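Please construct the entire structure, taking both the sequences and the accompanying hints into account.
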Amino acid sequence: MLKHLEIANYALIEQLSIDFGIGLSVVTGETGAGKSIMMGALALVLGQRADTKVIQDGKSKCVVEAIFDVRGYGLESLFESLEVDYDHECIVRREVLDSGKSRAFINDTPVNLQQLREVTSRLIDIHSQHESLLLGEASFQLDVLDSVAKSETELVAYQQLYKTYKQIQHTYKTLFETAEKWRSEREYAQFQYDQLVAMQLVEDEQLQLEQELEAMNHSEEVKTALALSLAHLEDDAIGVNLQLKDITVALRKIKAYVPAMADYEARVESAWIDLKDIASELQVSLNDTEFDPQRKEFVENRLNELYVLQQKHHVQTVAELLQLQADFGAKLERIDSFDTELTTLQKELQETETALQQSAIALTQKRYAVKLEMEEIVSQKLGYLGMSNAQFVVDIAHSNHFLPTGCDVVNFLFSANKNGTPQPIAQTASGGELSRVMLVIKSLMVSRANLPTIIFDEIDTGVSGEIAHRMGEIMQLIAQTMQVITITHLPQIAAKGVAHYKVYKYDTENATITNIVRLTPEERVEQIAEMLSGKNPSAVAMDNARELLKTM
234 MLKHLEIANY ALIEQLSIDF GIGLSVVTGE TGAGKSIMMG ALALVLGQRA DTKVIQDGKS
294 KCVVEAIFDV RGYGLESLFE SLEVDYDHEC IVRREVLDSG KSRAFINDTP VNLQQLREVT
354 SRLIDIHSQH ESLLLGEASF QLDVLDSVAK SETELVAYQQ LYKTYKQIQH TYKTLFETAE
414 KWRSEREYAQ FQYDQLVAMQ LVEDEQLQLE QELEAMNHSE EVKTALALSL AHLEDDAIGV
474 NLQLKDITVA LRKIKAYVPA MADYEARVES AWIDLKDIAS ELQVSLNDTE FDPQRKEFVE
534 NRLNELYVLQ QKHHVQTVAE LLQLQADFGA KLERIDSFDT ELTTLQKELQ ETETALQQSA
594 IALTQKRYAV KLEMEEIVSQ KLGYLGMSNA QFVVDIAHSN HFLPTGCDVV NFLFSANKNG
654 TPQPIAQTAS GGELSRVMLV IKSLMVSRAN LPTIIFDEID TGVSGEIAHR MGEIMQLIAQ
714 TMQVITITHL PQIAAKGVAH YKVYKYDTEN ATITNIVRLT PEERVEQIAE MLSGKNPSAV
774 AMDNARELLK TM
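So the sequence shown is numbered by the numbering used here: it starts at 234 and just counts up by one.
No wet-lab data here; the hints were simulated from the structure. Mixed in with the good hints, there may be bad ones.
Stated by the list, open to error - Straight line, CA to CA, 25 Å or less: simulated PhoX-like cross-link-like pairs of lysine-lysine:
| # | residue 1 | residue 2 |
| --- | --- | --- |
| 1 | K768 | K783 |
| 2 | K286 | K406 |
| 3 | K294 | K738 |
| 4 | K236 | K294 |
| 5 | K396 | K383 |
| 6 | K414 | K545 |
| 7 | K604 | K651 |
| 8 | K396 | K406 |
| 9 | K334 | K399 |
| 10 | K580 | K414 |
| 11 | K768 | K738 |
| 12 | K396 | K599 |
| 13 | K396 | K580 |
| 14 | K292 | K738 |
| 15 | K414 | K399 |
| 16 | K396 | K456 |
| 17 | K488 | K456 |
| 18 | K738 | K286 |
| 19 | K509 | K486 |
On a predicted model such as this, the values are computed, not experimentally measured, just so you know.
Pasting the structure below:
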């Protein structure tokens, strides 16, 4: 139950602090006094999106805080799942900053808007003055029926299966389309793959062949350079190696006399040995450097095949061709695996569809179980509210397709006239009739829900007199099992509350301010008298107000 509401710097509200109690509380005030502003502030703590326009001029932020008594409503597990400390007294706070950001807290633990809504939706239901129009919407009608049927468990189970079903269906459709497309390309992919495999590609082959061809194209120049190099190293007349050998012998002869020469001898001998090895290797290279026309033709043809293949596939290296070969191979394997995957998915889809059908049947049965009862209760209570000939029908049609909420299409049918044929309620009910139907439906819904608080924001639109009196009695009846707060312009309803609050507006030097106050018994008489006859009520109006209050 809502125990306390505190609002600071919200629109015309500078500072508002009010306590609420059990039973039926009524809120009244002149049009424009700020009742809707108070409701807007309360909507913030229920998770409505914030707008910096609500911050009072000159202030850096607005704050709305609501304190709820939540004992006995089984919310411990919900708080635990959200990692929020549970206490019998739940403090919900919302701050809107002029930077555009907003913050929300439950028992001083920061929460996001989804978590905020998850908690507050279990604490309070607000019926806005325009919500009666929702009665004409199919989704709202279905929500009402499910609320009365207490089919939340069945609906959640169905929606989980429905989500899985749609995911598998989407996966199957996407895979099927991909398979069809790829199968049409299989012949092309197989040809490209076979061509690449037939080439027996080696990653470094191209570089080696290009180097070999370059050498063959300059074979005479290479042979001449090698021969000249060998002559300078090994020739008997000018060969460096012969001279180094002579130097080594000469130094060896004198090292006994000049010890330092031993180091020079070793260094020269080492150079001589290295150059002899080089000469041997150059000789091998010279012997191998023979022009082979057949080999050259093979190398040129092989390189040409590689270049043509690279140009065809718009790549520049053999490594990229090998990657293409792997890609084509993988694509062929993938194409060959489609049938198996599609068969598996089709089986999953059929199994899920069967489970979904069973879940939809369970949901339909739950709805049908309350259909007649709901029709009877609503029609009966509408009779009490002055519509003795009212007929209310919950039409449940079966859909051949799975819908997000089952296989049922719900339509509320209504007729206010004797022997009238019930038609869709949005087409036949007047504003006052919609208000009465909505109040009856809300009373039925909350009787089935374990909800602490409901707020009616001008649900009495379009009614007056005795009907208003009876609407007030229905609110009193609801208030026996939960806290009810109603905003009203009707004195007949205002007189039914155990507590009466007045929203009013006043001017200061710099601004217009909205506030709310709980009325004393005498102030309440005067307020209801004003609602009956206007400002400065007469003694008769005051007496009438006292009479109304006696009926509570």
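Status of the hints after comparison with the structure:
| no. | hint | in the structure |
| --- | --- | --- |
| 1 | K768 <-> K783 | holds, 22 Å |
| 2 | K286 <-> K406 | violated, 47 Å |
| 3 | K294 <-> K738 | holds, 22 Å |
| 4 | K236 <-> K294 | holds, 24 Å |
| 5 | K396 <-> K383 | holds, 21 Å |
| 6 | K414 <-> K545 | holds, 23 Å |
| 7 | K604 <-> K651 | holds, 22 Å |
| 8 | K396 <-> K406 | holds, 15 Å |
| 9 | K334 <-> K399 | violated, 36 Å |
| 10 | K580 <-> K414 | holds, 22 Å |
| 11 | K768 <-> K738 | holds, 15 Å |
| 12 | K396 <-> K599 | holds, 21 Å |
| 13 | K396 <-> K580 | holds, 17 Å |
| 14 | K292 <-> K738 | holds, 20 Å |
| 15 | K414 <-> K399 | holds, 22 Å |
| 16 | K396 <-> K456 | violated, 78 Å |
| 17 | K488 <-> K456 | violated, 41 Å |
| 18 | K738 <-> K286 | holds, 20 Å |
| 19 | K509 <-> K486 | holds, 22 Å |
Figure legend: structure checked against the earlier numbered hints; hints not met, in rising order: 2, 9, 16, 17.
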